[in-house]
Amino acid sequence: MKKLLSIFAVVAFAFTANAGTLDDVKNRGFLKCGVTTGLIGFAAPDDAGNWAGFDVDVCRAVAAAIFGDSSKVEFTTTTGKSRFPTLASGEIDMLARNTTWTLSRDVNLGFEFVGVNYYDGQGFMIPSALGVDDATGLDGATVCIQTGTTTELNLADFFRANNISYEALPIETNDEARENLFAGRCDVYTTDASGLSATRAQADDPDKWIVLPNIISKEPLGPLVRHGDHQWGDVVRWSLNTLIIAEELGVSSANVDASKSSNIPEVLRLLGVEGGYGEMLELSNDFAYNIIKQVGNYSESFDRNIGPDTPLGIGRNLNALWTDGGILYAPPFR
Amino acid sequence: MQKNFFSDEKSRGILYQTLVIGFFALAIWFIVNTTAYNLEKRNIATGFGFLNNPAGFDISFSPFLDYKSTDTHTKVYFVGVLNTLLVSFTGCIAATILGFIVGIIRLSNNWLLSRTAYVYVEFCRNVPLILQIILWYAILIQLPRIKQAPQIWETFYISNRGLYGPRPIYEDGFFIVTIFIIISFLIAFFIRRWAKKRQDTTGKQFPTFTTNLGIIILLPLLVFFIMGTPMTLEYPILKGFNFKGGMVIRPEFIAMFLSLTIYTGAFISETVRSGILSVTKGQREASGALGLKQNWIMRLIIIPQALRVIVPPLTSQYLNLTKNSSLGIAVGYADLVHGFGGISLNQTGQAIECMAITMATYLLISLTISFFMNIYNRSIQFKEK
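Protein chains in written order, with this note's numbering: chain A, 279 to 612; chain B, 4 to 388.
Don't read these hints as lab results, they were simulated from the structure.
All values derive from a computational prediction rather than experimental measurement.
Simulated coverage check for chain A against chain B, where a stretch passes if three residues somewhere in it have a Cβ under 8 angstroms from a Cβ of chain B:
| no. | segment |
| --- | --- |
| 1 | 378-387 |
| 2 | 426-432 |
| 3 | 456-465 |
Derived SDA-like pairs: lysine to any residue, alpha-carbon spacing no greater than 20 angstroms straight-line:
| no. | chain 1 | residue 1 | chain 2 | residue 2 |
| --- | --- | --- | --- | --- |
| 4 | A | 486 | B | 151 |
| 5 | B | 242 | A | 405 |
| 6 | A | 486 | B | 149 |
Every residue, glycine too, gets a C-beta built ideally from N, C-alpha and C.
Using the sequences plus the hints, can you model the full thing?
In C-alpha cells:
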C-alpha cells in the first residue's frame, strides 16, 4: 500500500511540476530549445555537428544567461506542424524557430511571444528564366508552400485579392520545398523572405533564381514560451533584449571586458557592475555580460549568420536599430 | 467445507472483473480529466465551433468538390474524406486484381514466372510502405518538366506535375445516353439470368460474355450517334505556367495509388495462394478427369472454393490499405489526415477535436468495409443443402 501511495505521489507530482520552468532548467543543467529542421543561417548544424544560426544564438543567449555557458543547450528539431505541440507538451522549454507572432497563436494556442528577433515579410522565389518580375504576373503558377504556416493563409489571401489563380503544392519542410522547386514540380516557392534567401544560397547556381520584390505580409519572427510562466517568459525576453541593447550601447564580445570600466551608467547596469538586475530575474547579476561575451550582440550574430558577408547576404533593412532607420527597439535596461 | 468469498471461484471471478473494469474506468477518467484540466490551464480553447470558420488555405487536389480558400473547415473535411476514399477504393480494386494475378502466377509451373512473382512478393512485403511511397514520388518528380512535357497526339501530356488528358464536356442530349447505358446493363443482367437458367435445364450453353459486352458497348454508342454526339472533349493547352483545361492526374495521387496497390497486392497474392493451396488436389484431378479445360478448372472449381479461405484475410487487407492511405501526408497527397487532420488542425490549434473527428471517420470507413465484406463472405460460404 505504501508503494502504491508513492506511485500516486509521483504521478501527482509529475502533473504539477511544470510550474517553474526556470527551476526545472537549472536543475536539469541544460536548456531544451526547439529549432527548425535545418534552415541555413537561422538554425542548421555546421560541419562539426554543432548547431549554429541566428535563431540558435537566441537559445545560446538564454543558456548563457542561466548557466554562464552558451553550450548548455539541447536542440530539438521541429517542423512547421510539430513545433506548437512540442512546446505545449513541455518537451522543450522555448521555441526559436522563425515563428510569426500572431493573435491566435498568442491567445488561442496558449503561448507567449517574448519579443521579435527578426522582422520579416513573405516573398516569392522563382527561376529567373521565367521572366516574371512581379508577383501579380504569377497567374496560374504552381506554388510550393509549407503547411501549417501563416504564409499558407497569406498566399491564399494575396492571390484572391489580386484575382489571379494558382495551384498549391503543400509540403512539410523547407528541404522538401527546395527539392520540389529545383525539380520543377512547382514554379514558385513562397515563405518568409529570409527563408527564401537561405534556400537560394543552397541552389547549385544561385544566379538562376530571383526573389521577387513583392513582400505580401508582416512576419515578426520571435522566440516564444508557454503561456502562464511569467518568470520564465521574462528570462527569455530579457536575454533577447540584452542582444539588442548591447548593440545600441556599442558593447560587443570584443570590448565587453573593457566596457566594465565604462562611464556610461546603462552599460554598467547591463554588465552587472551596478544594480541588481540579474537577481530580479533570479539569475546572476552578470547574465548579460555572459551573453555578450559568449554569443555577442545582435549585430554580431546577424553578421555572422545571415549578414551581407554570408551566402545569404541579407541586409539589415527593417532589422536595423531604430537609430539607424530600422525598427529594432528594446525597452531600457533599468 | 465452508466456502468463504475468496475461495469460491465464481465470486472471485466477479471480484477480479469488477476490479479490472474499475481500474480501466479510473484510467479513462484520469486521462480525460487531466487533458481537460491542462487545456483549461493553458488557455486553449475547446469546442467544435471552428468547423464553421473559413479555412483560409487552398487544397492542391479536389477532383469532386469545388473548393475555395473561403470555404469552411467542414468542407476541408469532406474534400479530405473523398480523396481518402478515392485512393482507397481504386487501390483496393487494383490490389485485388494484381494480387489474384500474382497469386496464381506464383503457383505456375513456369520457373521464371513463379520466381519473378516470388521476388516481387518478398521485396514489396518486406520494405516499409512509406519508403515505397517516397520512392515512387521521387521517380515521378524526375519526369520531364512542364515546358518539355512529351505529348501523344497533342492530347496526352506527361510531366512531373501530372498526366494531362482530355476532359469530356457533356451537352444536353447526354442524359439520354446515360439512361441507355443503364438500360444496356439491365438487358445484360437479364440475358445472363436467362442463359444460366437455360443451361441448368437444357445443358445448352450461350455466349453470354461476348453478347453482353456487345450490348453494353454498342447500344449506348448507337444512341450517342443518334443524339448527334452530345459530348465534346476539352484538350489541355499549355498556357503560361501550367496546362489549362483538360483533366490531370497528379503525381501525388499516382505515387499513392501505385505504392498502395503494389504493397497490398503482394499481401493479397499470398492470401490468394494460400486459398488455392487449401483446395485439395483431388478436386483438380477429378475435374481434369471430367475433361474440363485448365482455365475452367481454375474459374469454376478452384477459385469458388478458395474464396472461402481468401475473403476473411482479404477484408483485413482492404482495411490495411484504407488506413495506410493516411501515409499520403509523406508526399502531400491531400487526404483526410493531410488536410483536415493536418492543416486545419494546425491552423486552428484544435488538435483534440480534429484528431477525434479524423479517427472516428477512419473507424466508420473501416466498419463499413467490414460490413459489406462480411455480407459477401456469407454469400460465398459453403451452403449445406
